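Asker: Okay, here's what each chain looks like letter by letter:
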Amino acid sequence: EDQVTQSPEALRLQEGESSSLNCSYTVSGLRGLFWYRQDPGKGPEFLFTLYSAGEEKEKERLKATLTKKESFLHITAPKPEDSATYLCAVQDRRYGQNFVFGPGTRLSVLP
Amino acid sequence: DAGVIQSPRHEVTEMGQEVTLRCKPISGHDYLFWYRQTMMRGLELLIYFNNNVPIDDSGMPEDRFSAKMPNASFSTLKIQPSEPRDSAVYFCASSRGQITGELFFGEGSRLTVL
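Protein chains in written order, with the numbering used here: chain A, 1 to 111; chain B, 1001 to 1114.
I should point out that these hints are in silico values taken from the structure, not numbers from a laboratory. None of these values were measured; they are calculated from a predicted model. One should not assume that every hint holds.
As the list claims (entries may be wrong) - Here are some chain A residues pointing at chain B (derived, C-beta under 7 Å): (1) K42; (2) P44; (3) Q97; (4) F101.
What the hints assert, rightly or not - Computed footprint of chain B on chain A; a stretch qualifies when at least three of its residues, placed anywhere within it, have a C-beta under 8 Å from a C-beta of chain B: (5) 45-55; (6) 102-111.
Ideal placement from N, C-alpha and C gives every residue a C-beta, glycine not left out.
In isolation and in its complexed conformation, chain A is listed as follows:
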């Protein structure tokens, strides 16, 4: 059974204090790993797709990386507007378009 775990559950940073969020996954055949951002009261918003180990994607202060067992979302010099819940999801080649989401990391960036 595909599994996705995320750590830490919650993270508080000072503005400008860089850190990383972790997503660990177990799938038999990874089609893709995805990062989403979710603001309170909103639906998740797509950030990145990673397909193979060694791949990296960047967007503003965010950088996502992928290994065979985990992914990291690095946040460089975060700002208060980066506060949100960050969700990781995987897609297994066996299960069509089924996305399995992790529980998320709740990030708070304090001014």
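With chain A fixed as given, assemble chain B onto it according to the hints.
Answerer: Same frame as chain A, but now just chain B:
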């Protein structure tokens, strides 16, 4: 283009009542997903459709839940009868299947069953 549109945004009902949630996907998207989000279980896939046909409904909790997609621009998720444990936020999402990974979510329907 408008995003995924869900209604109602909030629904409060009493146990035993029928609840119908509605979704309009993004035009041109051939996949539609229904997810449920709770604090305890996170985001769980309930069912997804491809070209209006249900493909995987293994996440539908029980017979009280049913989903339909009568055409490419409309889907419903129905709960009958509703129970307090059904209280959650229900999200609809759509995607273009060939381009994996980017699900476009609606703003969700928050259901409270008393």
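Asker: The structure should be examined with respect to each hint, and the outcome stated for every one.
Answerer: Tested hints:
Hint status for A:K42: holds, given a least beta-carbon distance of 6 Å to chain B, under 7 Å. With a least beta-carbon distance of about 5 Å to chain B, the hint placing A:P44 at the interface is held under the 7 Å criterion. Hint on A:Q97 holds. Least Cβ distance to chain B is approximately 6 Å, under the 7 Å limit. Contact between A:F101 and chain B, as hinted, is supported at the beta carbon level, the nearest pair being about 4 Å apart and thus within 7 Å.
With a cut-off of 8 Å between beta carbons, the region 45-55 of chain A has 3 residues touching chain B; three or more are needed, and the interface restraint holds. With a cut-off of 8 Å between beta carbons, the region 102-111 of chain A has 3 residues touching chain B; three or more are needed, and the interface restraint holds.
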